[in-house]
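2 protein chains.
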Amino acid sequence: MDKERALEILKEKGYKCTSSREAIIDVFIKNDTPRKANEILDMVSRITPGINFSTIYRNLDLLIKLGIVNKLNLEDGFSHYELSKGEHHHHIICKLCGSVKEIDLCPFKEMEKEKLEELGFEPLEHKFEIYGFCSKCKHREN
Amino acid sequence: MDKERALEILKEKGYKCTSSREAIIDVFIKNDTPRKANEILDMVSRITPGINFSTIYRNLDLLIKLGIVNKLNLEDGFSHYELSKGEHHHHIICKLCGSVKEIDLCPFKEMEKEKLEELGFEPLEHKFEIYGFCSKCKHREN
DNA sequence: ATGTAAATGCAAATGATTTGCAATAAGGAA
DNA sequence: TTCCTTATTGCAAATCATTTGCATTTACAT
Chain A
11 MDKERALEIL
21 KEKGYKCTSS
31 REAIIDVFIK
41 NDTPRKANEI
51 LDMVSRITPG
61 INFSTIYRNL
71 DLLIKLGIVN
81 KLNLEDGFSH
91 YELSKGEHHH
101 HIICKLCGSV
111 KEIDLCPFKE
121 MEKEKLEELG
131 FEPLEHKFEI
141 YGFCSKCKHR
151 EN
Chain B
11 MDKERALEIL
21 KEKGYKCTSS
31 REAIIDVFIK
41 NDTPRKANEI
51 LDMVSRITPG
61 INFSTIYRNL
71 DLLIKLGIVN
81 KLNLEDGFSH
91 YELSKGEHHH
101 HIICKLCGSV
111 KEIDLCPFKE
121 MEKEKLEELG
131 FEPLEHKFEI
141 YGFCSKCKHR
151 EN
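Each protein sequence line maps, in turn, to chains A and B. Taking the working numbering, the leading residue of the first sequence gets 11, the next gets one more, and so forth. Taking the working numbering, the leading residue of the second sequence gets 11, the next gets one more, and so forth.
None of these hints come from the bench; they were simulated from the model. Keep in mind that a hint or two might mislead.
Said to hold, decoys possible - Some residues of chain A that are not near chain B, with every Cβ distance over 10 Å (derived): (1) ASN48; (2) THR58; (3) LYS111; (4) LYS137; (5) ILE140.
To be verified - A few chain B residues that face chain A, going by a derived Cβ cut-off under 10 Å, partial list only: (6) GLU22; (7) LYS23; (8) GLY24; (9) CYS27; (10) LEU51; (11) LEU84; (12) ILE102; (13) ASP114; (14) GLU120; (15) LEU126; (16) PHE131; (17) HIS136; (18) LYS137; (19) PHE138; (20) GLY142; (21) ARG150.
Every residue gets a Cβ at the ideal spot worked out from N, C-alpha and C, and that includes glycine.
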């Protein structure tokens, strides 16, 4: 998802391309890693000073609804937001520094799905999160 | 995890076997599906009337720390708590009724882990959640 | 039975997120 | 460009799950 496409989607659906929205999208473009709402506020504030939390949240909700952004609920209890990628992916999360990285492997396709069928469950989406130590943190023992 | 084992762990680690703790464990034993804190309060209240939310939360945290209970952060934004099972498992979550069921298949062991190695990431735990329609909900279109 | 520390209840604090409402800005029409 | 309409924003207050401080109570070892 690039900026042009994001703005195009907004326009298509009848939403205005406001400076806040553009700033939020810019911040996502510059950040390849999922961010919390307060981090997004901080970064957007540098572009659009005075922007309010309610604007951030309202626009994040909108961008999620439009499929431009998606939201992760990680173990830390916060919502993390990232730009939607074309490619399906999952995440590895460091238990020490909290960093979140994408991995483009997906275990769902390799998985034996008979159990879901037995239960009559119709899968639509799935999340796979791996928690552990990232390369920077795995040698410091604390 | 059965009740005797849970109480044993409490004792071993020097925590008291209070009536609240016993009631919370009882509720978990009777419920094979993950529950939210307010549901746990409701159910425990029937056994121990007057029990307070802070007692629920404090004890859930303790039981988590002792490995008796574990906590899921699902897409609905709430924490869900379940009794720790010996067997490793994951969850299927219905997007309509919100029901959560365990599945005992794990895609991690089948997964090619080279990408994690490339990134120098040391995996410790992982979560796999499948969202979709459960057998009861998949035929009602709303 | 008693003493002591741990556990609980209560009420207030916290912190992320949401909402109502009045002021402002985007973007189409004149 | 200017004007108009409606969506969007800022602000402050409300929500709602969860946490915390403190005085009281309880578990359980002596």
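Hints, one by one, checked against the model:
1. ASN48: Check passes; 16 Å lies beyond 10 Å.
2. THR58: The assertion about A/THR58 holds, with a minimum of 27 Å to chain B.
3. LYS111: Per Cβ check, A/LYS111 is inside 10 Å of chain B; nearest 7 Å; violated.
4. LYS137: Since the minimum Cβ distance to chain B is about 5 Å, A/LYS137 lies within 10 Å and the statement is violated.
5. ILE140: 4 Å, violated
6. GLU22: This hint is violated: B/GLU22 lies away from chain A, its Cβ roughly 25 Å from the closest one there, beyond 10 Å.
7. LYS23: Not OK, violated: B/LYS23 not within 10 Å of chain A, min 22 Å.
8. GLY24: 24 Å, violated
9. CYS27: The hint is violated - B/CYS27 has no Cβ within 10 Å of chain A, the shortest such distance being about 29 Å.
10. LEU51: Not OK, violated: B/LEU51 not within 10 Å of chain A, min 19 Å.
11. LEU84: Check passed: Cβ of B/LEU84 comes within 7 Å of chain A, closer than 10 Å.
12. ILE102: 5 Å, holds
13. ASP114: Interface hint status for B/ASP114: holds (7 Å vs cutoff 10 Å).
14. GLU120: Since the shortest Cβ distance to chain A is 6 Å, the answer is holds.
15. LEU126: This hint holds: B/LEU126 lies near chain A, its Cβ roughly 7 Å from the closest one there, short of 10 Å.
16. PHE131: With a minimum Cβ separation of about 5 Å from chain A (threshold 10 Å), the hint on B/PHE131 holds.
17. HIS136: Check passed: Cβ of B/HIS136 comes within 4 Å of chain A, closer than 10 Å.
18. LYS137: 5 Å, holds
19. PHE138: OK, holds: B/PHE138 within 10 Å of chain A, min 5 Å.
20. GLY142: With Cβ-Cβ at 4 Å, under 10 Å, it holds.
21. ARG150: 12 Å, violated
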